[in-house]
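Using the sequences and the hints given, assemble the complete structure.
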Amino acid sequence: MRMTAAVLALAASLAGCSSTEKEILAKVRQELKDPNSAEFSQLELKKTTDGTISVLCGMVNAKNSFGGYVGAKPFTAAQSIREKDAVIYFGDEANCAQALQIAEQVERGHDKH
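This note's numbering puts the sequence shown at residues 850 to 962.
Some hints could be false.
Said to hold, decoys possible - Straight-line Cα separation of at most 27 angstroms, DSS-like style, residue types lysine-lysine; simulated pairs:
no. : residue 1 : residue 2
1   : K896      : K876
2   : K882      : K922
3   : K876      : K933
4   : K876      : K922
5   : K871      : K895
6   : K912      : K871
7   : K895      : K933
8   : K912      : K922
9   : K895      : K922
10  : K882      : K912
11  : K922      : K896
12  : K871      : K922
13  : K882      : K871
14  : K933      : K922
15  : K896      : K933
16  : K876      : K912
17  : K871      : K933
18  : K882      : K933
19  : K876      : K895
20  : K896      : K871
Hints are computed from structural coordinates only; laboratory data are not their basis.
Right, dumping it as structure tokens:
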């Protein structure tokens, strides 16, 4: 019964997500103590002008080591189409606008090479 509820919660949290969002959310989950407990909200996907870097911002609530939910925390995750690894920030460092700005600068630097 618990597994069914977890699967339904996961499916509901991903409804309407693009494949890029799903990839990035999977990477965010990997960073959590209890990946299956992740509840995402306020998701916003942005891409650099040339579309080579995706930045996903939002809130995530998940269970801690004691099995209790810790409360929603901001996160920002950036992923390049060149490299499928994502850079993820939680808490105060999770500034979506700043991450997108940095991603734009990185891409301009790659274009010069």
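Hint by hint, here is what the structure shows:
1. K896 - K876: holds (17 angstroms)
2. K882 - K922: Holds: K882 and K922 sit about 14 angstroms apart, inside 27 angstroms.
3. K876 - K933: Measuring from Cα to Cα gives roughly 10 angstroms; hence the hint holds.
4. K876 - K922: holds (16 angstroms)
5. K871 - K895: holds (14 angstroms)
6. K912 - K871: holds (20 angstroms)
7. K895 - K933: holds (16 angstroms)
8. K912 - K922: Cα-Cα ~12 angstroms, so holds.
9. K895 - K922: holds (19 angstroms)
10. K882 - K912: Given that 27 angstroms is the threshold and the Cα spacing comes to 7 angstroms, the pair holds.
11. K922 - K896: Since the Cα atoms of K922 and K896 sit roughly 22 angstroms apart, the hinted pair holds (cutoff 27 angstroms).
12. K871 - K922: Satisfied, since the Cα-Cα distance of roughly 19 angstroms is no more than 27 angstroms.
13. K882 - K871: It holds: about 19 angstroms lies between the C-alpha atoms, which stays within 27 angstroms.
14. K933 - K922: Holds: K933 and K922 sit about 24 angstroms apart, inside 27 angstroms.
15. K896 - K933: holds (15 angstroms)
16. K876 - K912: holds (16 angstroms)
17. K871 - K933: Roughly 12 angstroms between the alpha carbons, so the hint for K871 and K933 holds.
18. K882 - K933: holds (22 angstroms)
19. K876 - K895: holds (17 angstroms)
20. K896 - K871: Distance of about 15 angstroms is within 27 angstroms: holds.
The earlier numbered hints are all upheld by this structure, with none contradicted.
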